[in-house]
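Protein chains in written order, with the numbering used here: chain V, 1 to 476; chain G, 1001 to 1262; chain S, 2001 to 2305; chain Z, 3001 to 3398.
No lab work stands behind these hints, which were simulated from the structure alone. Warning: the hint list may mix true and false statements.
What the hints assert, rightly or not - Covered, in the sense of this in silico footprint (three residues per stretch, anywhere, with C-beta under 8 angstroms from a C-beta of chain V), are these stretches of chain G: (1) 1068 to 1079; (2) 1088 to 1097; (3) 1115 to 1126; (4) 1206 to 1214.
Yeah, the Cβ is synthetic: ideal placement off N, Cα and C, and Gly gets one too.
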Amino acid sequence: MAPIGVDEWVARSGDRRDSGWRGGLSRIDARVGWWPRLLVVGLLAFVYGEFVVGGNVNYAQTGFNVVLYALLALGLNIVVGWAGLLDLGYIAFFGAGAYGYALFSSHAFGNLPLASGGVQLPAVASIPIAVAGVAILGLLIGLVALRLSGDYLAIVTLFVGQAFAEAVNNVAPGTLGGANGLFGLQGFKVGSAEIGSTLGYYWFAVIALLILMALLHLLDTSRTGRAWRAVRDDSLAASAMTIPVNKVKVMAFTFGAIVAALAGTIFAAQQSSVFATNFNAQTLILIYACLVLGGAGSIAGAVLGGVVVTVAQQLLSSPIDSAYLFYGILVIVLIARVRPWRHLGAVVAAIVGLGFAAHAIVGAISHSAVAGSPGSAGWFAGALRHFAIVPRGEPLTYGNILYVAAIIMVIAVVQLKGIRRLIAVVPTVYVGICCWEARLTLDPGITAQIMIGAILIVTMAARPEGLLGSRRVEVI
Amino acid sequence: MTRLLELEGVSLSFGGLRALHALDLHVDEHEIVSVIGPNGAGKSTVFNVITGIYEPDGDIRFDGQSIVGRRPHQITRLGIARTFQSLRLFLNMTVKENVKAATYGGTHATPIESMLRLPRARREEREVEATAQDVLSFFGQRLLGYRFNQPAYVLSYANRRRLEIARAMATGARLLLLDEPAAGMNPNETHEITELIGRLRDERGYTILVIEHDMHVVEGISDRVVALDHGEKLTEGGFHEVANHPGVIEAYLGRNPEALQK
Amino acid sequence: MHIFIQTLVTGIVTGCLYALIALGYSMVYGVLKLLNFAHGDLYMVGAFIGYFAIQWFGGAAALIIPVPLLVIFMMLVAGLGVGALGVAIERFAYRPLRNAPRIAPLITALGVSFILEDSVLLLFGGFTRNYNAPAFLPFTESIHIDGVPIDSVQIIVVCVSLAMMVGLRELVNRTLFGKSMRAVASDREAAEMLGINVDRTIAMTFFIGSAMAGVAGVMSGLAFGQISNIIGFLAGLKAFTAAVVGGIGSIPGAMIGGLFIGLCESFSSSYVSSQYSDLIVFGILIATMLVRPQGVFGQPPLQKV
Amino acid sequence: MRVRRILSGAVGVMALASVTVFGVTTSSAHVAKVAAAQCKASIAIEAPFATGPATQLGLEQLHFAQLAVAMANKANGTSITLGKDDTGLNPSLATTRTNSIIASSAVAAVGPAGSQEVEAVGPLYAKAGMAFVSGSATLPALATSGANKTFFRVVPDDDIQGPNDANYIIKHKLAPAGSTILIVDDQEAYSEGLVAVMTPILKAAGFTVNHQSYNGTDTGATLQSDLSALATSQVNSSTHLVIVPWQSAGNAQQFGQTLQQQGKTVTLFGTDGTDSPGQFVIPGTYVSNFGPDISTSKSAVDKAIVKGIKKYGPYGAFGVPTWEATTVVMNAISSVCKAGKTPSRSNVLAAVRKTNISATQSAMGVPIKFKADGDLVAKAGYLFHISSKGTYVEISDK
């Protein structure tokens, strides 16, 4: 028997969790060091850029956006994930970085006496200038934020972010361009060499990302990283353990700002223009989505979040791809939630049966009620033609009714238990499919937003700590 | 014997409520002093003013220099570390990280140095690692081995108390303030803690100021006992004289001396 | 003088609406410590319900029922509908996260806001609709103060808002529900142990808060005409400012804060520039927070060591 | 039990993988094959029809474009498809959309609607050598700056509309000589541009010009306090005319109502951005536009359009130019086909440059012929007066 005070249950808790294939993975995971993982990330990025993109601007753009959001999430992770400061003004640093770069690489100063024709510094000069400027901004805001904690901090920073957008929109329109923003920026340029293509910026961003991941990992496992997390868990205890809480907090703000600013400069150079609307609450929410979906507090999580959110958005923006995403998620959810297998089989069979039956009946009554073509293309569009009920033309009203119905049914399914739920799933899925084919595919842009919102809610309900995040206990 | 800690006419009041009143208290090098008193007597408040969480009137000197008005982390750097009655570990950090975090004040590598793992950063990391090992090993069986890399929140209550002490040790302090180290422990664990506190002084040379309710522990460890009530010192001296001091008995349990005798 | 009074009137009218929305924010924050970013969108939904109520009864130009009846009906339907919606959201989105890390419900709230805004966009399209209230509540029926006309809509807005605020105060201070709400706000676990039905209390809080936002939506439609699926965000932001300035979690705070923000806005745009009014309001907020983080009426959070 | 879990996990992973693979490998919107036999191609329209402050305008443009595609396909025997991209009148959104259009197989584009959007995407299209024809971007610099080499527009720019309006105001004494004219911009490129053009002309005519601005992106109560502040403190007894060159007809309507409600009697003068019989109906208002009112026109084309567009309900003057712009692109493609070539970006661009539509064939009432910089050769402008019943009446004499 173990000596008193050694509690076996706790001691073994680790081993208990390690069972099944997940356990296997996590054991492997535990053995691998940090730099092999980094290599894997780099390899994936290389494969995508080298073989997948293949000159397609759209893919290059997607890849760039992924890396950009990963960068932003990394920076946010310092402030939110490690130091535990709920900074809703993060977007301001991103914006400041972008505008900083824009000012030194465009005609912006053209209408000032000192620099007619504008300031056109090379990237090696303008990036450090912009980043340093923003670092100072972060320092100042950090100093101000010291007086606040928790939600109050969140509130003030939220308005700092809003104020930034308002300011660039209204102040000095001659220089900042007001609502028209600044455009015609020169790209990253050293001497005569200039990054011209989106793919070029993709590579640049990837390198920046890899370097940052390495540096931040080393920082996280150093005294500074420990201090940040200590302050997050209990700032009072931290201060009683020789940690200068305020200094540490300001440091976190500044580092977050620096990363955001770097991302901002890359963003501005790639878009070759900046607009106040690039830095609105919408973008902030997406960055938070990346971080929280991936798992706040984990570097890999932040990056994964960036991938998931951006790719999801990209897929959702085109009817064909979004169909794959939609049905893919549907399948995965069914597999994951409906156990055991015979139930799954029964449900799927029931859905298919219901579909063709309903289609046949409605078709018999009125042909035009099923004459419409499903919104999604691809190999299964043909099958869907005899499955989903889609009236002729653009059946908006019909689709809207289905949409509302689908939402209500989903809510109902969540409420039901056991066999009732199993039964309710069948019509819900079918209505969902019909709604998707008849309505949601007509407005990809809107659908994307709705799906993102849904993904956020579901993830938070299923796994509040995010995909790669570790479970947190909080003393409130 | 040199005076390590000295409180002189320390008073503190929250709005109208008077938490401490003209309190004099001193702790000598290598001494174990217990502070006793009924709930709300102001024991924890004493710790809070010493560690700089509240700023009192009067003077507090540590090793001869006044520490009133300094920030908590500065005071800890000078060599006063504490544990909390309501456990305040960094629950989401591993056991080892909890201890390492407490070495922040003792190390100086800048973030840049840490990022690039420059020589100073490497050296300090090694030292920190050693400190952590050393401090944790002090608790023998209890905190050793497989538990180092588990988050603190999986620890049992007793082990959380141990970890708090370990954390305090890692700050490199000379004076430990232990706030009810035996609270909520079973008799065996209580017994261990009593031994442990003794060893802290004898093996590690710490000076210890401890708040404790459990009279067995107090009796077992104290060189000197200070009794507080309503933020004022009732009496101080050896355990038995304090325990039999009528004021103390009354303060504790009105008119029922038996409880303290056994 | 004329300008001053006119500005004052505008400020009070907009301020009342901000106050109504702010109340919801404040109540929800009080019981759940949750910044419910979806609240502004509830107000937007209310505005739409009101609009469709008008269409239902023949449209602004050709109403088939007496105007007072219509106004009451709109507010009733919007209040109940949005209230129910609020309860549903709490039940399905927030309740599962009661004990999750603080950031989780925040993100969920953002998700809900996405879904509300874009569902309305999907169902009704993004173009602005107009209540066209003057058609049935003409400006001509108005009283004048020093040449400043105050029309029936403005009077309705102010009266209804005040009535609701007073009602809410009574509800919170006098009734059993009010007591249990305050209990839950101060300590949920303890309240639960004392046999208070926490779930029902929270649901009720959401209902009342959301209902007020819904009514506010209808009145803003009446007063300003234009509604679209994006009016929620800015209104929510401003109301939120109001709640914070007044002291988030405090009901009188929300009322005063709302009026304060409304007046700030109208005066800054009248006397400084409409261009910078938002900046000025945000400035005020940040200043308030730094001078008095817990807001004007809020209690400072106490720390136990 | 464990086996089952492993299986389920594996299946899940595979499903996810397949999803992403499919997703990444299937290209995005606007897919269309170009076959030599029949004249097939795809074009795209960028308009703010789903999001942003001007969805009314955007929907109108979308509908007229769809109509134009249908009509031209029928007339020319082509089968050209139209991809629709919503830009929310937002430059950054327009930039992303344009990138995906350029990545697609579209050979030319219609739109975008806003001048600030064109400023953002013009260089991108120029780089891709792809023609884009806007029906509403009127900022003069767009053509003259030389940054947008593949930009065309079927509408006269502000240097024509602005002076037209100012001169009309002067000529017809919409405000008594020497009185104050309030002109308010909504902080958009479009608005600020017009203000810059009109102000000096009005000043020269002896008016006192009071230039104010408000945040056009505000909504609800905030917008209201902006507008009523303008009405309260800027419209005084000496102000008789208020010019509102805004992009949102709804805001103009709300401003008009605020003025009425405050008992201020002034004349409003709106520009093309506010031209919307569905939304901006303050009686006695003047609204200028670059498009004619085709509803009363006798010409065959106009009749056909009116007939075709009926099902979409009320429309303003934004549809017609977009119809024209789309038709320009459609005709260019069919001319390429007639020449026996398969439509490509370069040859379509060339064909668009050579566009020559006679006044009778165009819905704009003027011949469509482009200068080198993409501007119209013809200068035309139209003016409407809103009757007491809230209907738009075209003013013939300018």
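Quick rundown of the hints versus the structure:
Counting residues of the region 1068 to 1079 of chain G whose beta carbon lies closer than 8 angstroms to any beta carbon of chain V gives 5, which reaches the threshold of three, so the coverage claim holds. Coverage of a stretch by a chain is defined here by at least three residues with a beta carbon nearer than 8 angstroms to that chain's beta carbons; for the region 1088 to 1097 of chain G and chain V the count is 7, and the condition holds. Only residues whose beta carbon comes within less than 8 angstroms of a beta carbon in chain V count, and the region 1115 to 1126 of chain G has 6; three or more means the coverage holds. Residues of the region 1206 to 1214 of chain G with a Cβ under 8 angstroms from some Cβ of chain V number 0, which does not satisfy the need for three, so the listed coverage is violated.
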